[in-house]
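Just need the whole structure built from these sequences, with the hints factored in.
Position one of the first sequence corresponds to residue 1 (full-length UniProt numbering), numbered consecutively onward.
In case anyone wonders, no lab produced these hints; they're calculated from the structure.
Note that the Cβ used here is the ideal one computed from N, Cα and C, for glycine as well.
Hints may contain errors.
Here are the computed lysine-lysine pairs in the DSS-like style, where the Cα-Cα straight-line distance is at most 30 Å [as the list claims (entries may be wrong)]:
id: 1; residue 1: K177; residue 2: K139
id: 2; residue 1: K144; residue 2: K175
id: 3; residue 1: K270; residue 2: K242
id: 4; residue 1: K448; residue 2: K503
id: 5; residue 1: K144; residue 2: K103
id: 6; residue 1: K532; residue 2: K508
id: 7; residue 1: K448; residue 2: K370
id: 8; residue 1: K503; residue 2: K544
id: 9; residue 1: K397; residue 2: K448
id: 10; residue 1: K508; residue 2: K448
id: 11; residue 1: K544; residue 2: K500
id: 12; residue 1: K507; residue 2: K544
id: 13; residue 1: K448; residue 2: K398
id: 14; residue 1: K242; residue 2: K278
id: 15; residue 1: K544; residue 2: K532
id: 16; residue 1: K500; residue 2: K532
id: 17; residue 1: K397; residue 2: K370
id: 18; residue 1: K448; residue 2: K507
id: 19; residue 1: K508; residue 2: K544
id: 20; residue 1: K507; residue 2: K532
id: 21; residue 1: K503; residue 2: K532
id: 22; residue 1: K52; residue 2: K139
id: 23; residue 1: K177; residue 2: K270
id: 24; residue 1: K370; residue 2: K398
id: 25; residue 1: K175; residue 2: K139
Okay, the calculated beta carbon distance ranges per label pair [unchecked claim]:
id: 26; residue 1: G228; residue 2: N439; range: 53 to 63 Å
id: 27; residue 1: P464; residue 2: L280; range: 48 to 58 Å
id: 28; residue 1: A537; residue 2: A495; range: 16 to 26 Å
id: 29; residue 1: H191; residue 2: L249; range: 21 to 31 Å
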Amino acid sequence: MSTKRLLSTNHFHPFPPMMKNYLQWAQNTPTHKSGTPFDTKGASILATDLLKSYFERGLTSEARNLFDEMPERDVVAWTTMISGYTHCYEYTQAWSVFVDMVKNGNDPPNAFTISSALKACKGMERVFCGRLVHGVAIKRRFMKGFIYVDNALMDMYASCAVGMRDACVVFHDIKEKNVVSWTTLIAGYTHRGNGNRALRIFREMLLDGVALNPHSISIAVRACASIGSQNFGRQIHTAVIKHGFESDLPVTNSILDMYCRCGCLSEANKCFNGITEKDLITWNTLIAGYERSDSIEPLFIFSQMESEGFTPNCFTFTSLIATCANLAALCCGQQVHGGIFRRGLDRNLELANALIDMYAKCGNIFDSHKIFSEMSCRNLVSWTSMMIGYGAHGYGKKVVELFDEMVRSGIRPDQVVFMAVLSACSHAGLVDQGLRYINCMINDYHIKPNQEIYGCVVDLLGRPGRVEEAYHLIRSMPFMADESVWGALLGACKAHNFSKLGKLAAKKALALRPNMVENYVMLSNIYAAEGKWGEAARMRNLMKRAGYRKEAGRSWIEVRNQVYSFIAGNKMGSHKESACEVLELPVQHMKEAGYVPEVHCLIHDHEDGT
DNA sequence: CTAGGGTTAG
1 MSTKRLLSTN HFHPFPPMMK NYLQWAQNTP THKSGTPFDT KGASILATDL
51 LKSYFERGLT SEARNLFDEM PERDVVAWTT MISGYTHCYE YTQAWSVFVD
101 MVKNGNDPPN AFTISSALKA CKGMERVFCG RLVHGVAIKR RFMKGFIYVD
151 NALMDMYASC AVGMRDACVV FHDIKEKNVV SWTTLIAGYT HRGNGNRALR
201 IFREMLLDGV ALNPHSISIA VRACASIGSQ NFGRQIHTAV IKHGFESDLP
251 VTNSILDMYC RCGCLSEANK CFNGITEKDL ITWNTLIAGY ERSDSIEPLF
301 IFSQMESEGF TPNCFTFTSL IATCANLAAL CCGQQVHGGI FRRGLDRNLE
351 LANALIDMYA KCGNIFDSHK IFSEMSCRNL VSWTSMMIGY GAHGYGKKVV
401 ELFDEMVRSG IRPDQVVFMA VLSACSHAGL VDQGLRYINC MINDYHIKPN
451 QEIYGCVVDL LGRPGRVEEA YHLIRSMPFM ADESVWGALL GACKAHNFSK
501 LGKLAAKKAL ALRPNMVENY VMLSNIYAAE GKWGEAARMR NLMKRAGYRK
551 EAGRSWIEVR NQVYSFIAGN KMGSHKESAC EVLELPVQHM KEAGYVPEVH
601 CLIHDHEDGT
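In structure tokens form, the structure reads like this:
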């Protein structure tokens, strides 16, 4: 009887947890003739098979026990431990096995060991460890002719190093590149948001005569999706049909994803309906696509998915929670949360992040914080979501505290989280703190501010009236300010009556985006505030002639499981008094706090009632 | 008996 068969039959013998039992068991199996000396080499192979089997079932501690009991541990056994832990996402365990092997093992690591260890480094996101393994690979001369080592090394650098430099160096040194070498590089660039570069490399790969396979296709499609390039996406879709790869589900799933990310939902639907054998990823991709378009559709697709017998996983729930967040549908979100809890998925990191965001957007910042505080581990997104939530609720101080705490816990901030803390500072009037953060971002973290960040700093300075400083900042920008930056200055000018600078800002903003209606309105308001009613009217005519209309801001609230939608000044129907009652409350509070609406320069939009 | 590239989120 073969080892494979022994391991796959459950009726024969349960897996022994310890080596002592195992040896007894092995000696009693029909494969071992009694009387012959016990074959330790054969036992080691059997034991390694068992190790692999344990890891495949996620039984890492059983594997560990068996490994600790093994009298002879060869390279294969060690390597199986490393790859097994990696397979089970226990990267630090995998790494410590590798370290242990280098220190105490009888055999030195081979090429298999090196690529497994590199995968562990990738999982840990530790370039430092990866570089150590790279060193071992060089020392043991695994850098020439070991394509697996090269590819694993590239993959590690592409996903952990600061830039793509290291990965490129490895790539160029490979004498005989294979498809995996190319696709790893393409995936690396896509992952870092450089889809254009990724597609250029894909073209280079084709020119190099490398044969396409389903894997490389789906990676290239992902690159298209990442830059929203429908154009290239369609071309590759045609190539897929030509090569007969349509029957490959991962490929069609990636094409579906591409259409979703390009915003072609009708095309995505066509693609979806054309897939006969859908899997969970197919459904999840479509649900996520509709979620990004701020639609309620995911909820319907989900119920259809369940009725077809699919069980949702954490990906499904992440999209559903995001849908509830987009709709600010608290009750629905709570129901979905219940489903997550029932299935024991509430400890999933990404899902918890989505829940933080959902509760915050539904106005329930306390539940956001509850989720956040109960998380066993948090990543950058967790902190950012919590900070954005607090910022939106006006707790600027809390945001600053969280940011500092996050940095202290060893998480490296990125552009998005700086954006969150800067906008919180700006809304809370923490000008000096905000300026300190922007300096910290540039000098300590070497993050270059983008348009959005500049806009935020202009806002930070402009709100309390430091309008000239804000203008100075714009003049010193290393690139041309876009309409959002000028828009921020315009807002400040309007609020603090800097009419000359305001007109300049409005002109700049309108030159860049002539259909930004808000700017016409603000400019027109500036003229009106100066009493230049003629100019103001001229602006309004300009808007009218071009057919521009300021879209009415729509709000909605949920009262007793019913969603009420309204625009400012719009009275809801007579049967909605309870909603109006609730809406009256904050107005009452504001008036009690001494709020007097500023009306002297407001122009009313006659068309839509605002 | 050990190694490769495909769906989440701010």
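A quick look at each hint next to the structure:
no. : hint                    : in the structure
1   : K177 / K139             : holds (22 Å)
2   : K144 / K175             : holds (8 Å)
3   : K270 / K242             : holds (18 Å)
4   : K448 / K503             : holds (29 Å)
5   : K144 / K103             : holds (25 Å)
6   : K532 / K508             : holds (20 Å)
7   : K448 / K370             : violated (34 Å)
8   : K503 / K544             : holds (20 Å)
9   : K397 / K448             : holds (25 Å)
10  : K508 / K448             : holds (23 Å)
11  : K544 / K500             : holds (24 Å)
12  : K507 / K544             : holds (18 Å)
13  : K448 / K398             : holds (25 Å)
14  : K242 / K278             : holds (21 Å)
15  : K544 / K532             : holds (19 Å)
16  : K500 / K532             : holds (13 Å)
17  : K397 / K370             : holds (18 Å)
18  : K448 / K507             : holds (27 Å)
19  : K508 / K544             : holds (20 Å)
20  : K507 / K532             : holds (17 Å)
21  : K503 / K532             : holds (13 Å)
22  : K52 / K139              : holds (29 Å)
23  : K177 / K270             : violated (37 Å)
24  : K370 / K398             : holds (15 Å)
25  : K175 / K139             : holds (19 Å)
26  : G228 / N439: 53 to 63 Å : violated (34 Å)
27  : P464 / L280: 48 to 58 Å : holds (51 Å)
28  : A537 / A495: 16 to 26 Å : holds (23 Å)
29  : H191 / L249: 21 to 31 Å : holds (22 Å)
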